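*Asks:* Work out the full structure, taking the sequences as your base and the hints as a guide.
Just so you know, the protein sequences line up as chains A and B, in that order.
Residue numbers 1 to 119, in our numbering, belong to the letters of the first sequence in order.
Residue numbers 1 to 110, in our numbering, belong to the letters of the second sequence in order.
Calculated directly from the structure, the hints in this document are not laboratory data.
Be a bit skeptical, because a hint or two may be false.
DSS-like mimics (lysine-lysine), calculated; alpha carbons at most 30 Å apart, straight line [as the list claims (entries may be wrong)]:
| no. | chain 1 | residue 1 | chain 2 | residue 2 |
| --- | --- | --- | --- | --- |
| 1 | B | K51 | A | K65 |
| 2 | B | K63 | B | K52 |
| 3 | B | K63 | A | K61 |
Computed from the model, here is a short list of chain B residues facing chain A with C-beta under 10 Å [what the hints assert, rightly or not]:
| no. | residue |
| --- | --- |
| 4 | G14 |
| 5 | R89 |
| 6 | H93 |
Quantities reported herein were computed from a predicted structural model and do not represent experimental measurements.
In this text, a Cβ means the ideal position worked out from N, Cα and C, and glycines have one as well.
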Amino acid sequence: MSYFRITLNRSAIGLPKRTRGVLAALGLHKRMQTVYHPVEAQFAGMIMKVKELVRVAEVDKKLTKWDLHAARKPDPGFYVESTVKRMEGQAPLKAIAAVSAQQKVVEGLTTEGGEEVRL
Amino acid sequence: MFGAFRVTNSLSGGLLWKIPWRLSPTQKYRQRQRLKAVDNVVETLSKALAKKGETLQALERWKAEMPTEAEMLPKDKYTMFDRKEKRYRKGIHKLPKWTRVSQRLNPPGY
Chain A
1 MSYFRITLNR
11 SAIGLPKRTR
21 GVLAALGLHK
31 RMQTVYHPVE
41 AQFAGMIMKV
51 KELVRVAEVD
61 KKLTKWDLHA
71 ARKPDPGFYV
81 ESTVKRMEGQ
91 APLKAIAAVS
101 AQQKVVEGLT
111 TEGGEEVRL
Chain B
1 MFGAFRVTNS
11 LSGGLLWKIP
21 WRLSPTQKYR
31 QRQRLKAVDN
41 VVETLSKALA
51 KKGETLQALE
61 RWKAEMPTEA
71 EMLPKDKYTM
81 FDRKEKRYRK
91 GIHKLPKWTR
101 VSQRLNPPGY
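*Replies:* Printed below as a string of structure tokens:
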């Protein structure tokens, strides 16, 4: 199914009420707004009424507001070749436990809190 | 003659808005672009409807009656008929909202 992609290019300020009514019926409320309507005589007639104000193209797909937004987004200027593997939740804790197991307890010495001193 | 008290149109008459009698080359260029844009919309509509085998009375009438930008004479692109003007022609920019309305046809012979 194909659609008319209609973009309001010129404002309807100061134009007759009927012209502004047609724009409202098409769903166009501000400049550079884009709407999609199926290719039907009914919509073609409405576009004919405001042909001086709009830009029209026939397209196959209806784009959402977010698709349009993404299409308009400028190129960031870089790309990520490969993502770094994230650390697992348990891995750092295990490493700490392995290090503390290697440490020796110094006999006869205690900290002020009464804990063992490890080297 | 010079200085703050010189006699100019705006100083002696107050508010003065002057519309030049003819379009500048840039205005004429933009007028052509606008005419082409309208032709483009009409063509897109008629092609899209023709694919479905449909047509529209308003569309057929426009195509039958209205010349395209390429078919129009320069005289009709930039000037329009006015019965009150000398030689019955005035610049199209005197037409209210002239950049947003279609004014392509003039009475034959004028």
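*Asks:* Now tell me, hint by hint, if it's right for this structure.
*Replies:* Results for each hint:
1. Under the criterion of a C-alpha separation no larger than 30 Å, the hint pairing K51 of chain B with K65 of chain A is consistent with the structure, at around 27 Å.
2. The suggested pairing of K63 of chain B with K52 of chain B holds, with an alpha-carbon distance near 18 Å, which does not exceed 30 Å.
3. Proposed proximity of K63 of chain B and K61 of chain A is supported: the alpha carbons are some 28 Å apart, at most 30 Å.
4. The beta carbon of G14 of chain B is not positioned within 10 Å of any beta carbon in chain A (closest approach about 25 Å), and the interface hint is therefore violated.
5. A cut of 10 Å between beta carbons decides the hint on R89 of chain B: the least distance to chain A is about 22 Å, and the hint is violated.
6. Here the hint on H93 of chain B is broken, as its CB sits about 15 Å from the closest CB of chain A, past 10 Å.
Consistency note: the structure conflicts with the earlier hints numbered 4, 5, 6.
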